[in-house]
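Here the protein sequences line up with chains A and B, keeping their order. Residue 14 is where the first sequence starts when you use the working numbering, and the numbers rise one by one after that. Residue -19 is where the second sequence starts when you use the working numbering, and the numbers rise one by one after that.
It cannot be assumed that every hint is accurate.
To be verified - Taking lysine to any residue pairs in the SDA-like style, the calculated list, with each CA pair at most 20 Å apart, reads:
#, chain 1, residue 1, chain 2, residue 2
1, A, 44, A, 391
2, B, 146, A, 483
3, B, 27, B, 108
4, B, 27, B, 125
5, B, 27, B, 107
6, B, 27, B, 17
7, B, 146, A, 486
8, B, 27, B, 101
9, B, 146, A, 485
10, B, 27, B, 191
11, A, 44, A, 370
12, A, 44, B, 192
By construction, these hints were calculated from the structure, which means they are not laboratory data. All of these numbers come straight from a predicted model, not from anything done at the bench.
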Amino acid sequence: MTTTSSVTPYRTEVHSARDGFAQSLRAEWTKFRTVRGWIIGLFVAVLVMVGLGLLTATAGSIQCGGGPGNSGQRSGAACRLNPPLGPDGEAVFDTFYFVHQPLAGNGTITARVTSFTGLYSPQGAIGSGSDTAGMVSGTQPWSKAGIIIKQSDAAGSAYAAMMVTGGNGVRMQYNFTHDVAGTPGAVSSSSPRWLRLVRSGDTITGYDSLDGTHWTAVSSATLAGLPSTVQVGLFATSPGYTVTTQNFGGGSSVGGPTQATGSFDNVAVQGAAQGATWQGDVVGTAKARAADLLQAANYQQSGDGFTVTGTGDIAPWGAGGLGDGRPVEQSLVGAFAGLIAIAIVAAMFITAEYRRGLIRLTLAATPRRGRVLAAKAVVIGTMTFLVGLVASVIAMPLSDHIAYNHGRYILPVSSLTEFRVIVGTAALFAGVAIFALGVGALLRRSATTVTVVIVMIVLPYILAVASVLPADAAQWLMRLTPAAAFSVQQSLVAYPQVTASYTPSNGYFPLAPWAGFAVLCGYAILALGLAHLRLSRRDA
Amino acid sequence: MSRVVDQDSREAGASGIGRAPRRAPARREPRGRRANLAESLHAEWTKLRTLPGTFWLLLAIAVLTIAVSAAAEAAVPCSAADCGQDPAKVGLTGIEFGQAVVAILAVLAVSGEYSTGMIRVTFAAMPRRMTVLAAKATLISGLTLFAGAVAVLGSVLVGRLVMPGKGFTAAHGYPRLLALTDSSVLRATGGSVLYLGLIALLSLGIATLIRDSATSIGVVLALLYLSPIIAGVVSDPHWHNRIERYSPMNAGLSIQATRDLAGMPIGPWEGLGVLAAWAAGALLAGGLALRLRDA
Chain A
14 MTTTSSVTPY RTEVHSARDG FAQSLRAEWT KFRTVRGWII GLFVAVLVMV GLGLLTATAG
74 SIQCGGGPGN SGQRSGAACR LNPPLGPDGE AVFDTFYFVH QPLAGNGTIT ARVTSFTGLY
134 SPQGAIGSGS DTAGMVSGTQ PWSKAGIIIK QSDAAGSAYA AMMVTGGNGV RMQYNFTHDV
194 AGTPGAVSSS SPRWLRLVRS GDTITGYDSL DGTHWTAVSS ATLAGLPSTV QVGLFATSPG
254 YTVTTQNFGG GSSVGGPTQA TGSFDNVAVQ GAAQGATWQG DVVGTAKARA ADLLQAANYQ
314 QSGDGFTVTG TGDIAPWGAG GLGDGRPVEQ SLVGAFAGLI AIAIVAAMFI TAEYRRGLIR
374 LTLAATPRRG RVLAAKAVVI GTMTFLVGLV ASVIAMPLSD HIAYNHGRYI LPVSSLTEFR
434 VIVGTAALFA GVAIFALGVG ALLRRSATTV TVVIVMIVLP YILAVASVLP ADAAQWLMRL
494 TPAAAFSVQQ SLVAYPQVTA SYTPSNGYFP LAPWAGFAVL CGYAILALGL AHLRLSRRDA
Chain B
-19 MSRVVDQDSR EAGASGIGRA PRRAPARREP RGRRANLAES LHAEWTKLRT LPGTFWLLLA
41 IAVLTIAVSA AAEAAVPCSA ADCGQDPAKV GLTGIEFGQA VVAILAVLAV SGEYSTGMIR
101 VTFAAMPRRM TVLAAKATLI SGLTLFAGAV AVLGSVLVGR LVMPGKGFTA AHGYPRLLAL
161 TDSSVLRATG GSVLYLGLIA LLSLGIATLI RDSATSIGVV LALLYLSPII AGVVSDPHWH
221 NRIERYSPMN AGLSIQATRD LAGMPIGPWE GLGVLAAWAA GALLAGGLAL RLRDA
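Next comes chain B alone, as it looks inside the complex (with noise of 0.2 Å):
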């Protein structure tokens, strides 16, 4: 990780410079024409392309997802016919580790800018806060998509030659272990690559709302991470079954299940329309703080 400071140091060093020369000319143009969306795409995209931490944040969302998937394949037995044991659910376990990282990306993202004056700078050139914000969820969900997808695929393949090794066998059960055809574990996978997108548009949206990293990246975890803990000592049926619900992680991950799923607090769509909502509110915070706020 010592790149990335480097690069914080550079970039603090850039905006220092190019600060004071670049409010002499005040209004300097006003051609009619503002900066559109491609044009904020454009420069969001250059400044998350040379940034040197963001491919190895990509890297480490596939590599880091696909390891703890990968561990717990191989600890997860079905020892008999019938063992209870949901594949997809075992084989996308990494989702869990792998959207910290997706947040740590999507909050950099942000308040990565506000942490050395950027965001001044971003605003100045593009004066248009919605289309900044709209730019970066694009670009950081369709980056998170990307490495979502490869997470995901490398997950279910490491499983398909683990997992018959620890008893998931035809015989006990799973004829078609994590085959893609089936059209409940293309729910499964594609669900997880879309709930990774999610997570980075909650983070993103929590992030603008928050501008610091640190606070920002406390606040998504304990939003994700907290609900199963909570459920697990709340003894209230009512009280648990709202948890499992309407906290973030929760429903969300229910898209992972594909047995099973009448007895689910919430169906797998749903669920994922939850954590939906939960993205979409963040991130309508976040604009309004943009809108209303001085950067």
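Chain A with its partners taken away, still in its complex shape (with noise of 0.2 Å):
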């Protein structure tokens, strides 16, 4: 308190940046901060989101029949899958038979394959007493059969492979991940296919050719840290097969094992050791599901002539079913009830105004319109923001350790995907709310702007995982409505080599994530632009 100026001024002074953008924002955040309301609002979200993660995982138990040699139901803990891991740290298949030797050093190997046969069971049953009852001739699109250099016979082990397929042609596929398209077409005596794997160092180079002189290069790969003695040889193998009838959610699918069988001759390994004698093995069946393995693997050799019998696949996992493992956005699945919590809190940050009358008062104190709506963005935007990083940093480790101890496998992600699932649902977050705002600007009206925004972003969800409609129409809704942005959270990859149920109901969007999330941002932008308009043209 000083007393050098008897006079107070009759105003304060009208400072250059009275009604500058920083003003605004500190209007708006203190009228933010001190509704009470609100900020309870923020904490049930972070509070849903993480109970409803938490119930998830802890009702996810499951239960499983004896393994082999293990007789009555298991479950919890007992039954989770342990499915070996590639050479960049993802869930992988490995399950084929392995004709093979070693190869110390560079070298090559070159063979003909002169059939490509297969056997499926079209009801999905195993046939019992013998492995192949009931069964029908016939390949799968990706049964695979070929010649494969691979690190050791362990699974998960870096390899690169070429090989004829039931209905892809040739392909040079390496690390599980990686696929190149060579020579299209099917094998058959009259039209044989060669196939040519050279390693040189740590790059192994595919070739084809349709007649053994004449030989182009497919591709190359880097095994990075390959030792210099691997395992060369032929392989075949055919995953399961599934008919996934889209209807109820999606779709329900039956399928049973199949096996593939490829016939080689002039096989070839330069560099070979002296005295270098073939040896077949069924690598990975141990940690694969052995209930879609048959036991009709095996090989038979005559002279340089080979047959050789597999099931299973080289592939990564995760892939359709999601039973088999739980994707670490399962934990986020609470977003849904936290982004209901924060499309209040955001419809009522501007309704709110309305149904006061104070939203006068706050154009009479910035007339400049478009920023008082700028500001109200960019604090709802922030706060919220900040609590979906809060909730989702909280529930996804937290649920997936519960749902690991209930005998989920949680499908291994890199840190860069972790990363963007938890940084994508704090934006989406965000979004949402900015959105929610729009609408409550333009619309005027809590109750319904609030029903608007759950709507557009819960509903269409809804219907595209969890009712009748058909997947194309499921996509369709998950690439034109907001809920497009729940692709922010997808961790799983859709492989066009693996064929799988790649649909919404199975955890995968038609949408990159960041392209979902932006259609999401298209929606709020549009939705503030009309609330502008309508803001600036007429009264308040």
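Make the complex out of the two chains shown on their own, each in a separate frame, by following the hints.
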């Protein structure tokens, strides 16, 4: 209290920054933080999101039948699958029949494939007694047989392979996730395929040829850290057969085991050790789903000709049925509940001003109406982003841990993906809040606003994953509505070289993560734009 | 929706003017007779009728339900015999959307009065709060049943025109597609109308309990829409089954099933009964809060 000036200025000085954006921000922040209900709403958002994540993890205990040599029901952690990990840390299927010999240093393997056949059971029934009882002949699109250079015969180790497939021509595949097309078309004795793999240091190059003299390079793979002695040889494998019927929530599937047989001749390994002999092994059975495997895997040799029969798959895990593993984003399913709380708070942040008439005071203080809207968007966006971040950071590791202890296998993801899922969920919260703000400024009524936002964000997702809609209609819903933004949570990767039901109900969204988020941003910008138009054209 | 806003301010103004003089004659008419249900109904009907939002919301229930049903009917194919689709479920998909509008109608009937202060006038005029709630419940559910009947009949009509073109033919095992003379179809359609009525009562109860319109509508929609999502990620069959049986939307919508009833987690009428229990519980809680609390 100083009394240097006895004259109080008639009005406070008008600073040039008085109606600057920072002032508007401060005003809106003050309004936001002083309404207790809204702060409670944000806490509720965190609580319901974490709570639902924990609930689904706790209620996610699984039962399984006794495995081989273990009769009776088991449940919980005893059922947990433990698939091998590929060189890049992802879970993989690595089960096939492998006719191999060691190769020290550089070398080449060449083989001619003269026929490729398979068996599958269309009714999904596994024949008892004889493994192949009731099966009909035919290959699966991604049944495969060919030549392979593999770090070791341990499941999950690095590899590069040239193969013929049931429906996709010659392919070069390496390290589970990579797939390059070679010569298209089916194999027969009148139209055989020559395959060749050349190892030079860490680099393996695949070639194919129709006649054994004119070779075409398909691709090159660099397998970092490949040891000097590797296993080289022939393989055959065939993934499970599934028919997915699309109805009532995106599908039920029936399926069963399959097997594939490749016939090879002119098999030659250059650089092989003197006296090396071929050895046949099933790779990876112990760790794969035993029920899906037939015991028919074997090989026959006559001179340089081989017939190899196998079953299983060499492919990334996680595609298709989610019962196999829990993707990390399942812990964030509570985001739906959190978003409802966020939508209520964000809608009231603007509609409450209309109800109480505060908007007239706000606009008198900040006559530039667009600035008011922008300041509100920044405040509510920042706050909800932080809320989403906190909720995800708590919910994800906690629920994953609980689900793991209940016997669920958590599909491993790279830390970059995990980061994107968490930050994406936070961004989702901010996007929905700003969308709700825009709709609220447009409609000026809280009940209608909240309904519009929830119906546009949650209902399309329900219709897509849990209704009668077929997969293509569900995918269009997930492209066109704000619900597309949930793709930002998707950690699963859809691989074209794996046959699976890549539908929203299985966790696969049609748009790329940030592209889906951009759809929501588009809606938010549209709502804000229309709101700005209405705010500046009409009386408040 | 601009008219809704005008109404809001008009109503606020009216109550503002009306409050002061009405408070002056403190207890003017203790004429030994209290407002009965008929008078309550008349008062509530006057309020509802003169709100411009009511008509538009009723129209929206019918139009949006039919539109979403029509979209689903045009999107779901039946390409072969025994395609496993339930035509009633497909044809009545719009109910999942229409219930959100029903929720707005019901929530606003209560929370709208709280937001403008009108509720104090209402209770001053009709001190029997239960009678007011009963009148509101009767009117709102009646209006919803009317709009719902239009919505359901429209959806069925569109379905009968559209669905044969998508493969729902006699050759594919649908000889009497959505025929109302079919008892199971009658149950699905009539039950869907009742479903909307029960959603209105559920929303009314929750709004009476919570009073704020945005929060009420959020809670109602969360209660309805979250259960199918949660059921989708719960892998434990017991828990999954429980969610399907006891959540208001999943259980209530089982009334729409016309085939494969044996494989359902809960029967059609039992499912609707679960929803009715939810609605009764919400109304009870709301009524109790109304009795014990200041307005």
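Evaluation of the provided hints:
1. 44(A) / 391(A): Given pair residue 44(A), residue 391(A) holds - Cα atoms ~13 Å apart, limit 20 Å.
2. 146(B) / 483(A): holds, 12 Å
3. 27(B) / 108(B): holds, 17 Å
4. 27(B) / 125(B): Holds - the C-alpha atoms of residue 125(B) and residue 27(B) are around 19 Å apart, at most 20 Å.
5. 27(B) / 107(B): holds, 17 Å
6. 27(B) / 17(B): holds, 15 Å
7. 146(B) / 486(A): holds, 14 Å
8. 27(B) / 101(B): holds, 12 Å
9. 146(B) / 485(A): Judged against 20 Å, a Cα distance of about 15 Å means the pair holds.
10. 27(B) / 191(B): The given pair, whose Cα atoms are some 18 Å apart, holds under the 20 Å limit.
11. 44(A) / 370(A): holds, 14 Å
12. 44(A) / 192(B): Distance ~19 Å between residue 44(A) and residue 192(B) Cα, so the pair holds.
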